[in-house]
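Student: Chains as they are written, first to last, in the numbering used here: chain X, 1 to 239; chain H, 240 to 478.
Quick caveat, the hints were computed from the structure, so don't treat them as lab data.
Every value quoted in this text rests on a predicted model; they were computed, and no experiment measured them.
Any given hint could be a false lead.
Said to hold, decoys possible - No more than 27 Å apart at the CA atoms, straight line, and that leaves these computed lysine-lysine pairs for DSS-like:
| id | chain 1 | residue 1 | chain 2 | residue 2 |
| --- | --- | --- | --- | --- |
| 1 | H | Lys325 | X | Lys79 |
| 2 | H | Lys380 | H | Lys391 |
| 3 | X | Lys79 | X | Lys130 |
| 4 | H | Lys380 | H | Lys369 |
| 5 | X | Lys79 | H | Lys369 |
| 6 | H | Lys450 | H | Lys380 |
| 7 | X | Lys183 | H | Lys423 |
| 8 | H | Lys369 | H | Lys422 |
| 9 | X | Lys183 | X | Lys79 |
| 10 | H | Lys380 | X | Lys148 |
| 11 | H | Lys380 | X | Lys130 |
| 12 | X | Lys141 | H | Lys380 |
| 13 | H | Lys369 | H | Lys318 |
| 14 | H | Lys474 | X | Lys141 |
| 15 | X | Lys211 | H | Lys318 |
| 16 | H | Lys325 | X | Lys211 |
| 17 | H | Lys422 | H | Lys325 |
| 18 | X | Lys211 | H | Lys380 |
| 19 | H | Lys369 | X | Lys141 |
| 20 | H | Lys450 | X | Lys86 |
| 21 | X | Lys152 | X | Lys141 |
| 22 | H | Lys387 | X | Lys148 |
| 23 | H | Lys318 | H | Lys395 |
| 24 | X | Lys152 | X | Lys79 |
What follows is each chain in one-letter form.
Number of protein chains: 2
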Amino acid sequence: MAGELEKSLLNQHKEKHFTSGEIVRDIIIGVSDGLTVPFALAAGLSGANASSAIILTAGVAEVAAGAISMGLGGYLAAKSEADHYKRELQREQDEIIAVPDTEAAEVAEILSEYGVQPHEYTPVVNALRKNPQAWLDFMMKFELGLEKPDPKRAVKSAFTIAISYIVGGVVPLIPYMFIPIAKKAVLASVVLTLIALMIFGYAKGYFTGNKPVRSALETAFIGAIASAAAFGMAKALQG
Amino acid sequence: MAGELEKSLLNQHKEKHFTSGEIVRDIIIGVSDGLTVPFALAAGLSGANASSAIILTAGVAEVAAGAISMGLGGYLAAKSEADHYKRELQREQDEIIAVPDTEAAEVAEILSEYGVQPHEYTPVVNALRKNPQAWLDFMMKFELGLEKPDPKRAVKSAFTIAISYIVGGVVPLIPYMFIPIAKKAVLASVVLTLIALMIFGYAKGYFTGNKPVRSALETAFIGAIASAAAFGMAKALQG
């Protein structure tokens, strides 16, 4: 009996579908660092008298490392969330079957936090008790605040972040591919990257519902600060 | 009258306090990339015949740039979430005052998704209507799934991530400070960083409730892949 109930609960548990908001968020994560760190690294090294060849090598190596670290890191984080959700789902289900009165009391407590009186919430609690599938969904969402993750999300997320990082990272490095004197290449890189940062910042603001112009300026500002810091550190070490 | 209600709602809106879980998450974010990318960059450049001096310069510049990009980026993201929350709070409050019947219908819809019948949820809906503050809290949490962010969280988050990145990034670079021949320094860096990655991975698993040993191996694996990619790209460009 309990086995049937378990199987039924797990099979019918509602799936949450993700919107394109997740993809946009991953692109923002990848491009934000991708446009900033390789740019700053290259600009910093140009101040330390490195050649365009060395700078390009360092830049490309950093883009490869960064894309993998962020991509695989994002994948593991998403998988970890999925495993966490599965464990919590199993535990809630066990509690609903083993200690239903305790779980019912938790529902009552959740509703009473909103000033709802016992005689007002008791019909709701009883309705949930008669519908274990809905009860489980309710506990997952309202007690634990967890949504069922899409199993394919982890892989999609990893690739989106990694590719975004690579696309972002290549932009500042392009001048170093064509201008062998680093101190000249860096000027082109600064112009190219600042423009890219402002366009990206504007788009980011537009998609996240924040003021696009302010977002453009903030994003360019981070790039400027990061490259100034990299420049300063490189000069301090190499003179 | 509406003004008094508004002021009262906004002043009394419950605050959500964050647990140390936020700090642990930020440390994990910073150290994960900090231990991986500078390590991989340095290892990659050592394969391209760069000196320890150049590698140290590139590594330190990258750590500075990465800490700022992630720190400031994290700060802006947290502020953006806080602004989003404020806008949504204002909008829900306006709707509660202007179109209460529509909002009441939304509460009914939320509860009916869990199989609760109208005669069962109507007392709850009415209870909320009599208590605008609780009603607002309910809509924010159960319709929009938003929690009130701590205003100081953005700054704390930025510093935690940035400092974690720096601490993580310095570890792989230490050998290059003392061993001038890069091809020798890299061996020490690999050993030191692999140990650090495994210790960090183990701790990460422990704190996030995942198998610590598996987490240790996964974390070290990412470091290995990232450095192999960086090494490969650097060799391809410099030979």
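Student: For every hint, state whether the structure bears it out.
Tutor: Outcome of the hint check:
Taking the CA atoms of Lys325 (chain H) and Lys79 (chain X), the gap is about 31 Å. The hint is violated against a cut of 27 Å. The hinted pair formed by Lys380 (chain H) and Lys391 (chain H) meets the criterion: a straight-line CA distance of about 21 Å does not exceed 27 Å. Simply put, Lys79 (chain X) and Lys130 (chain X) have alpha-carbon atoms about 33 Å apart, too far for the 27 Å limit, and the pair is violated. Taken as a hint, the Lys380 (chain H) and Lys369 (chain H) pair is honoured in the structure, with Cα atoms around 18 Å apart against an allowance of 27 Å.
A distance of roughly 43 Å separates the Cα atoms of Lys79 (chain X) and Lys369 (chain H); the hinted pair therefore is violated under the 27 Å criterion. Our distance criterion of 27 Å between C-alpha atoms is broken by Lys450 (chain H) and Lys380 (chain H), whose separation comes to about 32 Å. Taking the CA atoms of Lys183 (chain X) and Lys423 (chain H), the gap is about 31 Å. The hint is violated against a cut of 27 Å. Simply put, Lys369 (chain H) and Lys422 (chain H) have alpha-carbon atoms about 73 Å apart, too far for the 27 Å limit, and the pair is violated.
A C-alpha spacing of about 44 Å is found between Lys183 (chain X) and Lys79 (chain X), which places the hinted pair above 27 Å, so the restraint is violated. A distance of roughly 17 Å separates the Cα atoms of Lys380 (chain H) and Lys148 (chain X); the hinted pair therefore holds under the 27 Å criterion. Taking the CA atoms of Lys380 (chain H) and Lys130 (chain X), the gap is about 25 Å. The hint holds against a cut of 27 Å. Restraint check for Lys141 (chain X) and Lys380 (chain H): the C-alpha separation of about 10 Å stays at or below 27 Å, so the hint holds.
Straight-line distance between C-alpha atoms of Lys369 (chain H) and Lys318 (chain H) comes to about 33 Å, which puts the hinted pair past the 27 Å bound. For the proposed pair Lys474 (chain H) and Lys141 (chain X), the alpha carbon gap of about 50 Å is over 27 Å, so the pair is violated. With a C-alpha separation of about 12 Å, the suggested pairing of Lys211 (chain X) with Lys318 (chain H) holds against the 27 Å cut-off. With a C-alpha separation of about 14 Å, the suggested pair Lys325 (chain H) and Lys211 (chain X) falls inside the 27 Å cut-off, and the hint holds.
With a C-alpha separation of about 54 Å, the suggested pairing of Lys422 (chain H) with Lys325 (chain H) is violated against the 27 Å cut-off. Between the alpha carbons of Lys211 (chain X) and Lys380 (chain H) the distance comes to roughly 25 Å, so the proposed pair stays at or under 27 Å and holds. Using a Cα cut-off of 27 Å, the hinted pair Lys369 (chain H) and Lys141 (chain X) holds, with the two alpha carbons roughly 25 Å apart. For the hint linking Lys450 (chain H) to Lys86 (chain X), the alpha-carbon distance of about 14 Å falls within 27 Å, and the restraint holds.
Between Lys152 (chain X) and Lys141 (chain X) the alpha-carbon distance is near 21 Å, which keeps this suggested pair within the 27 Å criterion. Our distance criterion of 27 Å between C-alpha atoms is met by Lys387 (chain H) and Lys148 (chain X), whose separation comes to about 22 Å. Under the criterion of a C-alpha separation no larger than 27 Å, the hint pairing Lys318 (chain H) with Lys395 (chain H) is consistent with the structure, at around 12 Å. With a C-alpha separation of about 10 Å, the suggested pairing of Lys152 (chain X) with Lys79 (chain X) holds against the 27 Å cut-off.
Taken one by one, the earlier hints fail for this structure at numbers 1, 3, 5, 6, 7, 8, 9, 13, 14 and 17, listed in ascending order.
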